[in-house]
Amino acid sequence: MKSPRSSRRRLALAVVVTFVIVGIFTVRLVDIQLVRATQLNAQSTSKRAITSVTYAPRGQIVDANGVVLADSVNRYDITAAPVNVRSFERKSAGGAKITVSVTDAAAEIANLTKQDPAAVYLDLTKNPKSNYVLLASSVTTATMKAITNLGIPGIYHVLHPARAYPDGAVAGNLVGYMNTDGPGGGLEYSQNKCLASTNGSTKYEQGADGVQIPGSTVSSTPAKPGGTLKLTTDSDLQWFAQQAIAQQATAVGAQSATSVVLRVKDFHLMAVADWPSVDPNNLNATPAQNRGALSFTDQYEPGSVFKAMSAAMLIDTGIGSPTMQATVPSTWHTPEGGTVHDAAPHPVQHLTLTGVLQNSSNVGISMLGSQVPKPVRYDYMKKFGLTVPTAVNFLGEAGGSLAPWQKWDDQTKYNVLYGQGVSATALQVAQIFGILANGGVKLPLTLVQSCTRPDGTITGLPSTTGTRVVKDSTAKTVVNMLESVVQGGELSNAVKIPGYRVAGKSGTAEVAGPGGYGSDRVVSFAGIAPADDPQYVVVVTYTKPATMKSSAAAAPTFKKIMSQVLAKYGVPPSTTPLNDYPATTW
Amino acid sequence: MSNNVAIELPSFVPHELGERPRHIEIVTTRSQKRARPRLVYALVGVGGLFAILMTQLLLSILLSHGAYQIAALQSTQVQLSRDQQTITEALNVLQSPQNLAARAGQLGMVTNTGSQGFLSLTTGVTRAPTAATANTSVTPGDAVMTPNALITPSISNLGAAAAAAASAASIPPNASVSGAPAGSATGASVASNPGALPSPITH
Numbered sequence: 001m002k003s004p005r006s007s008r009r010r011l012a013l014a015v016v017v018t019f020v021i022v023g024i025f026t027v028r029l030v031d032i033q034l035v036r037a038t039q040l041n042a043q044s045t046s047k048r049a050i051t052s053v054t055y056a057p058r059g060q061i062v063d064a065n066g067v068v069l070a071d072s073v074n075r076y077d078i079t080a081a082p083v084n085v086r087s088f089e090r091k092s093a094g095g096a097k098i099t100v101s102v103t104d105a106a107a108e109i110a111n112l113t114k115q116d117p118a119a120v121y122l123d124l125t126k127n128p129k130s131n132y133v134l135l136a137s138s139v140t141t142a143t144m145k146a147i148t149n150l151g152i153p154g155i156y157h158v159l160h161p162a163r164a165y166p167d168g169a170v171a172g173n174l175v176g177y178m179n180t181d182g183p184g185g186g187l188e189y190s191q192n193k194c195l196a197s198t199n200g201s202t203k204y205e206q207g208a209d210g211v212q213i214p215g216s217t218v219s220s221t222p223a224k225p226g227g228t229l230k231l232t233t234d235s236d237l238q239w240f241a242q243q244a245i246a247q248q249a250t251a252v253g254a255q256s257a258t259s260v261v262l263r264v265k266d267f268h269l270m271a272v273a274d275w276p277s278v279d280p281n282n283l284n285a286t287p288a289q290n291r292g293a294l295s296f297t298d299q300y301e302p303g304s305v306f307k308a309m310s311a312a313m314l315i316d317t318g319i320g321s322p323t324m325q326a327t328v329p330s331t332w333h334t335p336e337g338g339t340v341h342d343a344a345p346h347p348v349q350h351l352t353l354t355g356v357l358q359n360s361s362n363v364g365i366s367m368l369g370s371q372v373p374k375p376v377r378y379d380y381m382k383k384f385g386l387t388v389p390t391a392v393n394f395l396g397e398a399g400g401s402l403a404p405w406q407k408w409d410d411q412t413k414y415n416v417l418y419g420q421g422v423s424a425t426a427l428q429v430a431q432i433f434g435i436l437a438n439g440g441v442k443l444p445l446t447l448v449q450s451c452t453r454p455d456g457t458i459t460g461l462p463s464t465t466g467t468r469v470v471k472d473s474t475a476k477t478v479v480n481m482l483e484s485v486v487q488g489g490e491l492s493n494a495v496k497i498p499g500y501r502v503a504g505k506s507g508t509a510e511v512a513g514p515g516g517y518g519s520d521r522v523v524s525f526a527g528i529a530p531a532d533d534p535q536y537v538v539v540v541t542y543t544k545p546a547t548m549k550s551s552a553a554a555a556p557t558f559k560k561i562m563s564q565v566l567a568k569y570g571v572p573p574s575t576t577p578l579n580d581y582p583a584t585t586w
Numbered sequence: 001m002s003n004n005v006a007i008e009l010p011s012f013v014p015h016e017l018g019e020r021p022r023h024i025e026i027v028t029t030r031s032q033k034r035a036r037p038r039l040v041y042a043l044v045g046v047g048g049l050f051a052i053l054m055t056q057l058l059l060s061i062l063l064s065h066g067a068y069q070i071a072a073l074q075s076t077q078v079q080l081s082r083d084q085q086t087i088t089e090a091l092n093v094l095q096s097p098q099n100l101a102a103r104a105g106q107l108g109m110v111t112n113t114g115s116q117g118f119l120s121l122t123t124g125v126t127r128a129p130t131a132a133t134a135n136t137s138v139t140p141g142d143a144v145m146t147p148n149a150l151i152t153p154s155i156s157n158l159g160a161a162a163a164a165a166a167s168a169a170s171i172p173p174n175a176s177v178s179g180a181p182a183g184s185a186t187g188a189s190v191a192s193n194p195g196a197l198p199s200p201i202t203h
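Sequence lines, in order, name chains A and B.
If you read the first sequence in this note's numbering, its first letter stands for residue 1, the second for the next number, and so on.
If you read the second sequence in this note's numbering, its first letter stands for residue 1, the second for the next number, and so on.
These aren't lab readings, by the way, just hints derived from the structure by calculation.
Virtual Cβ for every residue (Gly too), placed ideally from N, Cα, C.
One thing to keep in mind: the hints can contain errors.
Unchecked claim - Cβ pair distances, simulated, as ranges:
| id | chain 1 | residue 1 | chain 2 | residue 2 | range |
| --- | --- | --- | --- | --- | --- |
| 1 | B | S75 | A | L134 | 21 to 29 Å |
| 2 | B | A161 | A | L134 | 50 to 58 Å |
| 3 | A | V158 | B | A161 | 28 to 36 Å |
| 4 | A | A107 | B | A131 | 51 to 59 Å |
| 5 | B | V46 | A | S44 | 48 to 56 Å |
| 6 | B | S120 | A | Y569 | 15 to 23 Å |
| 7 | B | V46 | A | V158 | 24 to 32 Å |
| 8 | B | L39 | A | T51 | 53 to 61 Å |
| 9 | B | A131 | A | V158 | 23 to 31 Å |
All chains should be modelled from the sequences, with the hints used to inform the complete structure.
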């Protein structure tokens, strides 16, 4: 018989044990639910949740008409997990099952990616336990789809966004290029702030079949696509200019060539062509020194095209006039004991300032131009935009060089009047002619029109504030004088455009080498049309032509490009007389 | 408030004695009746619970079906945007100046900067168009000068195929267009009269 005492003891024991068990569970519960809750939640989420990257494309670069010059395109890397690669069965068109061996699969892939089948097979089988091997990089969407359709197990694709330049070398010098790790040159580099994009990401929980579990978005960062960069150039005109200088540069054996088309009313650059051209799609075909824009980065002694600026100084200061007279020998011994030569020997001529421009007389412009004091000339040259890069601020743009007037020696003080002993870029020369064409007002040169963000906000609008360099009357007079070069000068037949009054100036500049000036030349022609209502400036330069070392090499290209500009933009012909310029002789 | 209103108690009428006892029937009082749980409530309760469970089940089925639909649509969207991107990419290359120039060159066209003429009503021809010469054109087909690595034979073929399709779809030049007066297109010329603007004959 049980004693009531032992039964009470057992009961107490049971109660204690129950309490202990409940207590242990409570402690455990508190530990899991409260103490380690965050850590455990994170652990479980990381097991189930996957992060998918929302790709944001880099912005486009478009020309003034919206023609795409640079675009982001989808490319894919084809990868494989050799551990999963094995022979498999595929249904043929007739319904019969055929076995595809790994060798066959490798051959099929290699056929699509244009690789060596043996190499692909080796990649797939070299390390059979590996989980990852890159088979082909940056294949097109079509190739990727074809490979996916083969249905080979263990073959995957990964998005690998790339950059394409649909117009190739057209504006390739301006647009720049991308390296594997980011922007490499040109506007791609300097305008990266506008173009760059930020990829977004979405984190969600995934079911066993790879489908998102409803309502399980853990976190999401929106993708930020890049902005659209709009240039001022016209790709058709750009092509024409590039093609024109390329043909002539090849014909005269030039080392390089540039041409610039400037719209006078707003200083927008309609075309900036460089030769040799770079195709950003195929960078390796172009040596590194030609991958940029020489028109911006290469400074050269511009030669006689600067006489237009010297004439403007003479007239603007009131020291000279279009009919200012000079008695010009072919060689002049300066008062300081130096000598100035004209390009070709000639008898003593009685030239006006207009005649000096028409005959491109170094002696004439030295005699007349030196009457303007050196500091005044220096100030004018700076106001015309020398020594500082243009407002475009292109990657690596040069500003040209000009010594301060105090350092001009007895020869330099004459040389700078005809563009020697001073250097400038093709863009700066275009800017000088633009100022003369625009009534003496310098506007900021513009290559980038705007940057439009995906949300529609427009940033990066260029400044349009102008500064006066010379008087309106001075600019008009000089343009009128420059017509004499086109209508009556040596190159008249090469540059006259039927129906239009054209003003311009040639330049055949000597290139300074380590041992002084040699036989190499930079030949150029800069001009304005129509002269009675200036609308466009075209500058053409050829560096170191081998066969034709005079501006006669540049003149036909100037005419070709200027004619195309006038035709393309439907500029009406001049209505005032063509031979209406000041007297050239006295 | 004091409750001093007299309550009328129910009066019980005693059964008449001496009557023959009848069959006894227990009649539930009204309050008893009221207190008894009704079946209908139970049915409603259980049915409601069932309905809620069913709705929840349906909802979750719909939701997961929706998830699959979203996944499928998203995958379609990716496919379509890939297709669009591929086509745009090809189109951009097809409309590149190099490709256009080369194809125009194949058709025998040349560039001509002097092709534009200008007329003025007051002074007549102010600029006459001129025929193309070497000085007024650039060679279009010279791909070496402004190369474009993206113009591949497959892209060119794509352009040719598109052009062929477009010309096949367009109306042949000599086909009669319904609605146009017959014969008016052939042989008839607009009478010109120097000094006056040509005007159509009206009826």
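Hints and how they fare:
| no. | hint | in the structure |
| --- | --- | --- |
| 1 | B:S75 to A:L134: 21 to 29 Å | holds (25 Å) |
| 2 | B:A161 to A:L134: 50 to 58 Å | violated (34 Å) |
| 3 | A:V158 to B:A161: 28 to 36 Å | holds (31 Å) |
| 4 | A:A107 to B:A131: 51 to 59 Å | holds (57 Å) |
| 5 | B:V46 to A:S44: 48 to 56 Å | violated (37 Å) |
| 6 | B:S120 to A:Y569: 15 to 23 Å | holds (18 Å) |
| 7 | B:V46 to A:V158: 24 to 32 Å | violated (55 Å) |
| 8 | B:L39 to A:T51: 53 to 61 Å | holds (56 Å) |
| 9 | B:A131 to A:V158: 23 to 31 Å | violated (56 Å) |
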